[in-house]
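*Asks:* Chains as they are written, first to last, in my numbering: chain A, 30 to 681; chain B, 870 to 1264; chain C, 593 to 838.
I should point out that these hints are in silico values taken from the structure, not numbers from a laboratory.
Ideal Cβ positions, reconstructed from N, Cα and C, are used throughout, including at glycine.
Any given hint could turn out to be false.
Stated by the list, open to error - Computed cross-link-like contacts, DSSO-like style, restricted to lysine-lysine with a CA-CA straight-line distance of at most 27 Å:
1. K783(C) to K594(C)
2. K1112(B) to K714(C)
3. K714(C) to K699(C)
4. K599(A) to K496(A)
5. K610(C) to K652(C)
6. K645(C) to K1112(B)
7. K1112(B) to K701(C)
8. K788(C) to K610(C)
9. K594(C) to K669(A)
10. K712(C) to K1112(B)
11. K664(C) to K594(C)
12. K594(C) to K788(C)
13. K652(C) to K788(C)
14. K594(C) to K658(C)
15. K699(C) to K681(C)
16. K664(C) to K645(C)
17. K669(A) to K664(C)
18. K664(C) to K610(C)
19. K272(A) to K251(A)
20. K645(C) to K594(C)
21. K681(C) to K1112(B)
22. K610(C) to K1112(B)
23. K610(C) to K594(C)
24. K807(C) to K652(C)
25. K807(C) to K701(C)
26. K272(A) to K344(A)
27. K669(A) to K645(C)
To be verified - Sample of chain C residues lacking proximity to chain B, with all beta carbon distances greater than 12 Å (derived):
28. V707
29. K788
30. E795
31. S821
32. S827
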Amino acid sequence: MLRALLLAFALVLCLCMPAGPARAQDQDLQTILQTQAEEVASPGRQSVGTLIEALTASGLPSVPLFLERWADRGVYQRSSDGLFYFAEKQGDDYALSDIASGAPAGTAPGSEMTQIRPNGGVRRVIATALVQFQLSDPDITRRSAALDAIARSPEPDQLEPLRNSIAGETDPELLARKERLAGMLAARFGDTADERIAAIEALSGALSVDVRAVLNQILTTKPGVATALPENANIARTLTPGKDLTEDEAYARLVEAGLAPAIWSRDQIKAALTENIADGAVGGVPLGQLVSEDGRDRAYAALAAAGTVPPLVTKADEATAVSAHVFYEEYDETDASITSAAREALDEVETRVFFNQMLDLGLDALSLASIYFLAAIGLAITFGVMGVINMAHGEFIMMGAYTGYVVQQIIPDYTVSIIVALPLAFAVTFGAGVAMERLVIRWLYHRPLETLLATFGISIALQQLAKNIFGTQARPLTSPSWLDGAWVLNDVVGIANIRIAIFVLALIFLGLILFVLNKTRLGLEVRAVTQNPGMAASMGINPDKINMLTFGLGSGIAGIAGVAIGLYAKVTSEMGADYIVQSFMTVVVGGVGNVWGTLAGAGLIGILQKGIEYFNPSNTLAAQTYMILFIILFIQFRPKGIVALKGRAAGD
Amino acid sequence: MNGSFLSQNRSVFWFLLSLAVFVLIVTVLSEATGNGMISTSFVKTLGKTLCLMLVAIAMDVVWGYTGILSLGHMAFFGLGGYMIGMWLMYARIEIIITESLRAAAIPPTPEEIHDAIGTQIFGVVGSSDFPPIWIFAHSFWLQIAMVVLVPGLLALVFGWLAFRSRVTGVYLSILTQAMTLALSLYLFQNESGLRGNNGLSGLQNLPGLDAVPQAQISIAFFWASAVALGAGYVLFAWVVSGKMGSVIRGIRDNESRVRFLGYHVESYKLFVFTLTGIVAGIAGALYYPQAGIINPNEIAPIASIYLAVWVAIGGRGRLYGAALGAAFVSLLSSWFTSGGAPNIPLGFYTIQWTDWWLVLLGVSFVAVTLLAPKGIGGLFDLIATRGSAEGGEKK
Amino acid sequence: MKTLLEMSGVSVSFDGFKAINNLSFQIGEPELRAIIGPNGAGKTTFMDIITGKTRPDEGKVIYGEKSISLLKMSESQIAMAGVGRKFQKPTVFEAQTVRENLAMALKNKRGPFDVLLYHKTKRGAARIEELAETIGLTDSLPRIAGELSHGQKQWLEIGMLLAQDPRLLLVDEPAAGMTPAEREHTTDLLKRAAEKHAVVVVEHDMEFIRRLDCKVTVLCEGSVLAEGSLDHVTSNPEVIEVYLGR
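Isolated chain A (complex conformation):
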């Protein structure tokens, strides 16, 4: 039924077409083409311009599609009437469709249709024209896609259409992009040196990666070697062998440039010797003597003297050859004024990028510092205020993280589950801390090393317990969607929202702890017990209770830190162990018994770690190694930490 209908429709079209104009627009495109039918059928790179101009000037919506098909060799000419069609092969025949509407236009036998095959040059001209169309396309996504395509592989002939499209651009964001891209294209492909220099100078204010790429592309160099520095070349720099490149590299360049004979490698020499073994000797040197490089050289020299192999290039030959030549790098761009402008602009951009990178690094360090602070502040309370060292602190962090994980299994909404998990993690680890204090630690006050050991035991047991319950693989703790994404300041500076959240959490806790310790009854009693337990007891403060609560508080904060760390890292039974040494470092470096000290310690370690990673970004293991070494040395100079308590209160 449908097919019958289509057939009928096609038949009607076929009948109409030769009969005369059907619709005005069709007529127009076909008419324009017919006026220069010869050019359409066999376009020339030079001559096609006028035709394309005429097409663009017509403003017909069907022109872009036609150009596209034309370039893709999808346009055919019917020999009977000279009309142009889009055609597709169907068996021996061609299915035609109208060039303006794309509507089917019947079939034609293969013998009647001639495929139009524009050559490469013409296709490029067509593509440029097409760019113009795409850049002015009414559909904003197509315009944007066209810009992306240009940015991906910039070509000189895209500059003109891009510039032409700027005037008609209505979207402000796209307009900015077009102008930027036009600037970058102008810098690389502008017609005159002045135009390019102006464009390059305009780029020096930016810091995006693509701008840097453009400048770097202008500044590409090729290595060169000659007996004397060429007069008219745009030299980037000359290279001194032994300083900028090794003697061997320099010689390799000579070999590559055909200015010196190649050096034979040890393996090649050996192969040559092997080929020339005769009567248990090579070149008269017995095989037994070939067990040293020296012996082999002698044998090879003998072979070379006999003319069997090319002569050996000695170190001295190499040095002579190298010293007889100059080595340099030459800009691909011949105009020195352009390269120097680009160099200047690049330097400016790089300085700006450097400062922005520092800013970004600072943000990273801040975020790392807040994680360390969260992980360590609980420890600072138990270790610093109570003098109790808790090696199971890391496992409390882990407990908090697993609490968050379990809550997420029960409450599917991520926002709600985090809101529930934070206090619950606090409660769970508070309880665990109090239990541990009651059962173990209070029997070991004033025996710090034994506390350290006993809490080790607990740490080992808790870690294995978590493994038994939750398995060894990492468990996800998913952050709510509003914490996904990042806050991006520019191309260089950006920070993930989750890290901002952790920073805010750390700030809240800093405030909270300072408040509790300095402004509440509990804090007063804690400080009293810390400074003089006997006196505090005689004033009616129950040191037992205070110790219990302090320990609970420190552990509870570890639990909350666990949720925060779990959100940004992964939840495993070993995550506590990953943080415990850093946490202790934070407390020790900062100065024991002092919230501000912990803050300073976390800041120092965060900055340090990020700073080291900046210099050696690929190797975080090395960064951690160096950081620990630095801390060991730091403790040499400030054994009591950054914020040290002085005098008798510090004790021994």
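Put chains B and C on the given structure of chain A with help from the hints.
*Replies:* Quick look at chains B and C alone, frame taken from chain A:
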């Protein structure tokens, strides 16, 4: 070391006697000389245990006697292992390479052999060049010297830095733990020059002794470990007896008082720390050829924590306690974790010891710290007190 | 009598609190000197400075014929130079025997290797016996020091002080916890030591000081308030005010 030393330290006599008897029994029952009642792999386990006992008594001297809770001695132990491992690997591969290049038309040069060994050893970390730390690997004696020098120098430098800034107590423990962590993280890198996390392997195959059965090699190492343990025991018993023992125990109990008596406390700590570090390195050098492989995991901080656990369970401040603790806990540990212990079905849940052993160890460790600070060695006190009541041993 | 120790213009403060304030002090050899003063007068800090435990913020501490400065020396070096100290709270090594305690204090080389290779000598053993005799602990030599009574520990610590054979003895409250007979014995000991050496005694007990019969220095708020015979200083109105006034 004269007669009076031995007569004053009965425990040394009894320890050496028991060790000798034990070594003889194991030798007779082993596959090498006897009926094979003790398998070669178990001889290796016992030999390794002797090495662990040696490092445990070193730990006891530094912790139990001098009061420095070092969490770094297993790092020295591991370094000793790495040092001997370098030679074992180099020499064994050198033999293999020389063998395979013998058939070549032109005999190989030393450089070629060296390069081929480098490719063989460092291929797994994508390199073929020998890092500078391998310069002595070709020589057995130089590398043996490194077994002593490398852990010794690390202990000396680290100890000098730590003690001179008067870092004590838990701070020092954490600092030593940081050192251990830094070392293990460093070794985990491929660029460390020690094959990153692959570590050194094939150490059980002694170069040039392919024809000798492992049964005999294991007994030889067992003997060597026993001799080292015996010598180490005598050395440490000598150090902790007499005036030196008096001073270091004084440091443990009241460091500043010792200082006011005119003793330079830092030198003593450094002496003990370095000496025990060296012994730990030697113990490691004997351990890893029996284990066959060493990698950075062996140096991770947890290993040193376990060492402290052994010594604490065995009983601090007495050498035999530390030695017994190490033997007891490490053998028990391998029994439990290798699935030797029967699982306990509870109906609703089966306690699998491979999973629950560490929980048990952790909890019992807490219990020992709380309830029996003297550890297993404390039991001997009861016997000794009864003995002295009958006019026997004097302390 | 020549000057053995001279402190001049020494100040030290802890968190803004001036524990020692521009203190100057001299002692000759031989000489016996008593130091009195109310709580917090800086007596212990004064000893801490001489023995190197506390570093002063300013001032000089000059010791011996060669006029060496003690400020650049470590605690152990100062002790080896001949400054011995007995602490207020008896601090003996409680886990070790009385003999070991005394042996450790005996004047011998103090390097680790000297100590490691140390052999018991007849002379040393005789010296220990002699000291034990002096402090009345002959029978207790093989006992663990922790088992001793408080008074015996005091004696042991005095014995350890004597064993070091120091030139300057700093003795903090030696008579605390002693019976009258023991106090008398202590007085004799100190007086005998002061025949050859410099002895500084910090004490609260006026009766004990009267029996020492020596020059007295009164410390107050970190500096010297008065100096002279006991009668002289106790008649000083400022001293009276400090002790009784408030």
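*Asks:* Evaluate each hint against the coordinates.
*Replies:* Hints, one by one, checked against the model:
Of the supplied pair hints, the one linking K783(C) and K594(C) holds, its CA atoms being roughly 18 Å apart against a limit of 27 Å. Only pairs whose Cα atoms come within 27 Å are accepted, and K1112(B) paired with K714(C) is accepted, the gap being roughly 15 Å. With a CA separation close to 14 Å, the supplied pair K714(C) and K699(C) stays within the 27 Å bound. With a C-alpha separation of about 14 Å, the suggested pair K599(A) and K496(A) falls inside the 27 Å cut-off, and the hint holds.
About 17 Å separates the Cα atoms of K610(C) and K652(C), which keeps this hinted pair within 27 Å; it holds. For the proposed pair K645(C) and K1112(B), the alpha carbon gap of about 25 Å is at most 27 Å, so the pair holds. Between K1112(B) and K701(C) the CA atoms are separated by roughly 12 Å; this keeps the pair inside 27 Å, and the hint holds. For the suggested pair K788(C) and K610(C), the alpha carbons sit about 35 Å apart, so the restraint of at most 27 Å is broken.
Between K594(C) and K669(A) the alpha-carbon distance is near 41 Å, which puts this suggested pair outside the 27 Å criterion. Annotation: proposed proximity of K712(C) to K1112(B) holds, straight-line Cα distance about 9 Å (limit 27 Å). Our distance criterion of 27 Å between C-alpha atoms is met by K664(C) and K594(C), whose separation comes to about 23 Å. In summary, the hint linking K594(C) to K788(C) is supported, as the alpha carbons are separated by about 12 Å, within the 27 Å threshold.
Taking the CA atoms of K652(C) and K788(C), the gap is about 25 Å. The hint holds against a cut of 27 Å. As the CA atoms of K594(C) and K658(C) are separated by approximately 12 Å, the hinted pair is consistent with the 27 Å bound. For a cut-off of 27 Å, the pair hint linking K699(C) to K681(C) stands: about 23 Å separates their Cα positions. For the given pair, K664(C) sits about 12 Å from K645(C) by alpha-carbon distance, which is consistent with the 27 Å threshold.
Annotation: proposed proximity of K669(A) to K664(C) holds, straight-line Cα distance about 21 Å (limit 27 Å). A hinted pair counts as satisfied when its Cα atoms are at most 27 Å apart, and K664(C) with K610(C) qualifies at roughly 22 Å. Of the pairs offered as hints, the one joining K272(A) and K251(A) holds, with about 19 Å between alpha carbons and a cut-off of 27 Å not exceeded. Proximity of K645(C) to K594(C) is assessed by CA-CA distance (about 26 Å); at most 27 Å being required, the pair is judged to hold.
The straight-line distance between the Cα atoms of K681(C) and K1112(B) is roughly 25 Å, inside the 27 Å bound, and the hint therefore holds. Annotation: proposed proximity of K610(C) to K1112(B) is violated, straight-line Cα distance about 41 Å (limit 27 Å). Pair hint K610(C) plus K594(C) does not hold up; C-alpha atoms about 31 Å apart against a cutoff of 27 Å. As the CA atoms of K807(C) and K652(C) are separated by approximately 23 Å, the hinted pair is consistent with the 27 Å bound.
A hinted pair counts as satisfied when its Cα atoms are at most 27 Å apart, and K807(C) with K701(C) does not qualify at roughly 34 Å. For the suggested pair K272(A) and K344(A), the alpha carbons sit about 18 Å apart, so the restraint of at most 27 Å is met. Annotation: proposed proximity of K669(A) to K645(C) holds, straight-line Cα distance about 16 Å (limit 27 Å). Against the 12 Å criterion, V707(C) falls within the reach of chain B, whose nearest CB is about 5 Å from its own CB.
Every CB of chain B lies more than 12 Å from the CB of K788(C), the least distance being 19 Å, so the non-interface label holds. Listed as a non-interface residue, E795(C) keeps its Cβ farther than 12 Å from every Cβ of chain B; the least gap is roughly 20 Å. For S821(C), the non-interface assignment is confirmed: its Cβ lies about 31 Å from the closest Cβ of chain B, beyond the 12 Å cut-off. Every CB of chain B lies more than 12 Å from the CB of S827(C), the least distance being 36 Å, so the non-interface label holds.
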